[in-house]
Amino acid sequence: MEYLRAFVVGGALCVVAQILIDKTRLSPARILVAYVVAGVILGGIGVYGPLADFAGGGASTPLTGFGYLIADGTKKAVDAEGAVGIIKGGITAAAGGITAALLLGMLASLVFRSKMK
Amino acid sequence: MNADNKTYARYAEKRAKKSPVLQNCIRAFTVGGAICSVGHALRTLWSAAGLSEDNSGMMASVTLIFAAVLLTGFGRFDEIAKYAGAGTLVPITGFANAVAATAIESRSEGLVAGVGAKLFTVAGPVIVYGVSAGAIYGAVYFVLTKLF
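From first to last, the protein sequence lines are chains A and B.
Residues in the first sequence are numbered consecutively from 201, following our numbering.
Residues in the second sequence are numbered consecutively from 16, following our numbering.
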């Protein structure tokens with residue numbers, strides 16, 4: 201049942217983006233930026249937290265989950281440390297994903313050759 | 016023969032145009048949903064391995080990033096993405112693919128001006144606006160909770 205919830209919520213978030221791509225011709229990069237910012241806003245106003253509890257991987261896997269992670273980390277850091285948490289919390293919470301993507305992307309460029317030539 | 020081909024082309028076009036959006040949405044839903052279910056399974060696995068809830072979520076993302084970078088390197092990601100559309104873009108896999116694909120393509124331009132700089136073509140905007148939105152939210156949250 202929890203996998204069904206993850207499937208439906210995650211799939212629905214993808215459908216919203218697909219409709220945006222087909223109807224507005226937004227570029228994939230703009231979609232990704234919009235999803236991260238939307239995740240921050242939805243996390244900030246307290247909507248995404250309950251969704252994450254409900255859907256698990258269905259809410260944390262889409263890029264909105266990345267935005268929620270940033271908002272939630274910022275909130276916790278402000279609670280714990282006050283104003284310095286404003287500039288510390290977000291990137292600290294997102295550190296694992298950012299480091300993995302940058303490191304693995306860099307390594308991939310050393311290991312794999314482009315097929316575009 | 017020619018006429019037949021034209022008739023068929025028109026017929027195929029009509030069929031294809033009937034509801035490309037609906038078809039795209041069904042594909043995005045199924046592939047995107049499947050990736051999120053895998054993400055959920057990975058969270059469960061990492062937490063069974065003894066990680067905290069926060070860390071199992073993080074490692075689930077890292078595992079998906081690893082898989083997406085590998086598929087990108089072997090040239091398989093685009094084939095799946097062509098079918099799935101937003102189904103592979105919206106999950107963290109799309110972010111990882113964008114980073115890895117630009118890094119691999121720009122290798123010929125050098126390690127610093129190529130890989131190091133172009134890696135951020137898509138990751139940069141996502142991080143800039145995500146982190147900025149987080150800091151703005153943090154400032155608002157600080158003012159609302161600590162100063163009142």
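Just so you know, the hints here were simulated from the structure itself, not pulled from any lab data.
Glycine included, every Cβ here is placed at the ideal spot set by N, Cα and C.
Please note: incorrect hints may appear among the correct ones.
What the hints assert, rightly or not - Restraint-style ranges between C-beta atoms, simulated for each label pair: (1) F81/B - P250/A: 26 to 32 Å; (2) V127/B - I287/A: 40 to 46 Å; (3) F81/B - L220/A: 26 to 32 Å; (4) P250/A - T22/B: 52 to 58 Å; (5) L126/B - K315/A: 31 to 37 Å; (6) A64/B - V247/A: 18 to 24 Å; (7) V158/B - K315/A: 48 to 54 Å; (8) T160/B - T224/A: 17 to 23 Å; (9) R313/A - F81/B: 15 to 21 Å; (10) L307/A - S34/B: 37 to 43 Å; (11) A154/B - L307/A: 34 to 40 Å; (12) V247/A - E124/B: 16 to 22 Å; (13) P250/A - K97/B: 30 to 36 Å; (14) I245/A - S123/B: 32 to 38 Å.
The hints, checked one at a time:
1. Range check, F81/B to P250/A: about 29 Å between beta-carbon atoms, so the 26 to 32 Å window is met.
2. Take V127/B and I287/A: their Cβ atoms lie about 28 Å apart, and the range 40 to 46 Å is violated.
3. Here the CB-CB span from F81/B to L220/A is close to 28 Å, well matched to the stated 26 to 32 Å.
4. Checking the proposed 52 to 58 Å range against P250/A and T22/B shows it holds: the Cβ atoms sit about 55 Å from each other.
5. For L126/B and K315/A, the hinted distance range of 31 to 37 Å is not satisfied, since their beta carbons lie about 20 Å from each other.
6. For the pair A64/B and V247/A, the supplied restraint of 18 to 24 Å is violated, since their beta-carbon distance comes to about 31 Å.
7. Checking the proposed 48 to 54 Å range against V158/B and K315/A shows it holds: the Cβ atoms sit about 51 Å from each other.
8. For T160/B and T224/A, the hinted distance range of 17 to 23 Å is not satisfied, since their beta carbons lie about 36 Å from each other.
9. Range check, R313/A to F81/B: Cβ separation about 19 Å, and the 15 to 21 Å hint holds.
10. For the hinted restraint 37 to 43 Å between L307/A and S34/B, the CB-CB distance of approximately 42 Å keeps it satisfied.
11. Distance hint check: the CB atoms of A154/B and L307/A are about 36 Å apart, consistent with the given range 34 to 40 Å.
12. Against the hinted window of 16 to 22 Å, the Cβ-Cβ separation of V247/A and E124/B comes to about 42 Å, which falls outside the hint.
13. Under the hint 30 to 36 Å, the C-beta atoms of P250/A and K97/B, about 35 Å apart, fit the expected range.
14. Our hint of 32 to 38 Å for I245/A and S123/B is violated, since their Cβ atoms are close to 45 Å apart.
Checked against the numbered hints given earlier, the structure breaks hints 2, 5, 6, 8, 12 and 14 and satisfies all the rest.
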